[in-house]
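I would like the entire structure built from these sequences, with the hints used as guidance.
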Amino acid sequence: MKKDAIPAKSGSIFIVTGQVQGVGFRPHVYRLALECGLCGSVRNTERGVRIEAQGDALAVDRFALRLRAELPPLARIASLEREDVPYDPALPAGFAIETSARHGGAKDILVSPDIAMCDRCLADLLTPGDRRYGYAFTNCTDCGPRYSITRSLPYDRPFTSMACFPLCPECRAEYENPLDRRFHAQPDACPACGPELWLDWGRVPLAERTEQYAGLHGAWGDSPRGRLAVSALLWALGQGRVAAVKGIGGFHLVCNAFNIRAVEERRRRKNRPHKALAIMTASIHTAERLAFIDGPSRAALLSPERPIVVCPRRPGVLPDVLAPDGNTIGIMLPYAPLHHLLFHPEILPENPPAFRALVMTSGNAGGEPICLGNREARARLGDIADLFLFHNRDILVRVDDSVLMADPPRPSAVDGKQSDGHGEAPPRMLRRARGFVPLPQALAGNIRLTSVFAAGADLKHTFCITRGKDAFVSQHGGDLHRAGALGFFEENQRHLERLLESEPVAVVRDLHPDYASSRLAERYAAARNIPLFTLQHHVAHVFAVLAETGYRGPALGLALDGAGYGPEGEGRSSVWGGELLLVQPDAGAWRRLGRLRPFLLPGGDVAAREPWRSAASLLRHAGP
0 MKKDAIPAKS GSIFIVTGQV QGVGFRPHVY RLALECGLCG SVRNTERGVR IEAQGDALAV
60 DRFALRLRAE LPPLARIASL EREDVPYDPA LPAGFAIETS ARHGGAKDIL VSPDIAMCDR
120 CLADLLTPGD RRYGYAFTNC TDCGPRYSIT RSLPYDRPFT SMACFPLCPE CRAEYENPLD
180 RRFHAQPDAC PACGPELWLD WGRVPLAERT EQYAGLHGAW GDSPRGRLAV SALLWALGQG
240 RVAAVKGIGG FHLVCNAFNI RAVEERRRRK NRPHKALAIM TASIHTAERL AFIDGPSRAA
300 LLSPERPIVV CPRRPGVLPD VLAPDGNTIG IMLPYAPLHH LLFHPEILPE NPPAFRALVM
360 TSGNAGGEPI CLGNREARAR LGDIADLFLF HNRDILVRVD DSVLMADPPR PSAVDGKQSD
420 GHGEAPPRML RRARGFVPLP QALAGNIRLT SVFAAGADLK HTFCITRGKD AFVSQHGGDL
480 HRAGALGFFE ENQRHLERLL ESEPVAVVRD LHPDYASSRL AERYAAARNI PLFTLQHHVA
540 HVFAVLAETG YRGPALGLAL DGAGYGPEGE GRSSVWGGEL LLVQPDAGAW RRLGRLRPFL
600 LPGGDVAARE PWRSAASLLR HAGP
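FYI, in numbering that gives the first Met the number 0 the residues of the sequence shown are 0 to 623.
Rather than coming from a laboratory, the hints here were simulated on the basis of the structure.
Warning: the hint list may mix true and false statements.
To be verified - Have a look at the derived ranges for each label pair, beta carbon to beta carbon:
(1) 443 with 391: 17 to 27 Å
(2) 391 with 441: 29 to 39 Å
(3) 92 with 129: 33 to 43 Å
(4) 594 with 118: 51 to 61 Å
(5) 83 with 274: 31 to 41 Å
(6) 601 with 282: 35 to 45 Å
(7) 602 with 67: 51 to 61 Å
(8) 8 with 132: 41 to 51 Å
(9) 594 with 449: 52 to 62 Å
Heads up, the beta-carbon is just placed ideally off N, CA and C, and yes, glycines get one too.
The structure is reproduced here in structure tokens:
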């Protein structure tokens, strides 16, 4: 280039889709543009994140390369379109984050799931003198609640449950400073301006807590708040109490995992005598002393999703009452700031007790949906929990903990004993919820479907809505015959449909005519005057596996899922219980090639929930 040559100027408009909402993507673009010396703007639109960048042509090209190569920790780009435009010398200098556009029409942007607290925010939480020291709602653009607090898109504070918490001057300065990691962090808050914890003593009488906690902050008062509320909670857990604790996506029922009497009482009150209970441990090192944890399971436990991972128990370490019918235990690590406070009593007032592990299970009664609001929890969990830890940040979407299952341990080749490295396969998903919803399953090939609503089955229920090339599977909803579950289904379906700004043009339901999901699907289709289709239960399972793996060719599928309502055949309907199916996904076709021998099913659908009925029938068929 000659000394007097002027660098060529150019401009480009970028449209970015994918997981670019609520993950610090716009602040990242802002900083990237400044580093490249560009002017322009970035904002959310109905098509995705729109970026206009202008400046030296080489700098624009460098920006385009870095835009895809350098991402915030939780951002994922699904598509990136670039359109070159003439350089506009009248464009104001500098780069700006503009107000998000709100227009109608489908969107190609995704809301981030709720994710675990990052290490830098944890350091803030645990550092004396930091203004967020011990604050249970600490977060930044790299962590914190997303889906559970989002009312609608775009993901901006006015459209979340943080809208009622105006930023204080210090938080406002962080929010507006592009060099701060809380720049445009929508849930940003501090003790001066954000949500607050408080303890409701519930059924714990004043006389008892005065006696138990004599000399500790008097009688604790009627409603301890903030860090003092956490201290009081820990003292109550140390006395064997069962607590309902409000978290990110709903309530947990919590007690000391090593207090056998407390665990047994929790089982009695919830009428769950045998079901295994999940625990939360202080750290991965504690978890490894309680269970056999291989490499993939360790990675899952430490991941931003922070699921429950079901692992083999170490013999003789945990009380058998936690999982009386098996040799595994569901373990998770702290993911919310409040959870970290529960395991860091050294930063709390009044020197509360420390725990290696706490039972941390869904805050519901008898398989109902997880409790969401304070009044709801007080009413529904009043017969189970002794006391309640509440906060005033609304949960807009119920999201339970996700559950993964590790492979079983392998015998050691040397001494035949269990080895810690019991397998290297990644844990299998058992319950998809917090941390994974609402991320979509990409459909294979270049398929772009019109929006379809698939209503799901009745047990371990989820539903699905498609949008373009993506399928959005809901969080786990439980069994629809349980009290409140159908209402949760409808509530969740309306929210996801609103969030996706998608209007389904067809509905698919299970072939079973008496499922609650089938009846809802029929009402939904009739109200909108759109087509309704049916699909046999086990055929749906096989198609779902192929969609999940992206396989589109002909395949043999073996479905051993128990009872599923069969199509009309040989003059009558039947219940299918184990099929070999030939399926052709591209053609939407399938054929039954084989099956288990039929036998009488006493009680029909009841036998699916009471397997002894099937056993009795099989014994009868086997003869004397």
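Going through the hints against the structure:
1. Look at residue 443 against residue 391: about 45 Å separates their beta carbons, and that is not inside 17 to 27 Å.
2. A hinted range of 29 to 39 Å for the beta carbons of residue 391 and residue 441 is consistent with their spacing of about 38 Å.
3. About 36 Å separates the C-beta atoms of residue 92 and residue 129, a value consistent with the hinted range of 33 to 43 Å.
4. Restraint check, residue 594 to residue 118: a C-beta distance of roughly 53 Å satisfies the suggested window 51 to 61 Å.
5. Checked against the given bound of 31 to 41 Å, the beta carbons of residue 83 and residue 274, roughly 60 Å apart, lie outside it.
6. The hinted window of 35 to 45 Å between residue 601 and residue 282 is violated, with their beta carbons roughly 50 Å apart.
7. A C-beta distance of roughly 57 Å is found between residue 602 and residue 67, which places it inside the suggested range of 51 to 61 Å.
8. Our hint of 41 to 51 Å for residue 8 and residue 132 holds, since their Cβ atoms are close to 49 Å apart.
9. The beta-carbon spacing between residue 594 and residue 449, approximately 34 Å, falls outside the hinted interval of 52 to 62 Å.
Checked against the numbered hints listed earlier, the structure breaks hints 1, 5, 6, 9; every other hint is satisfied.
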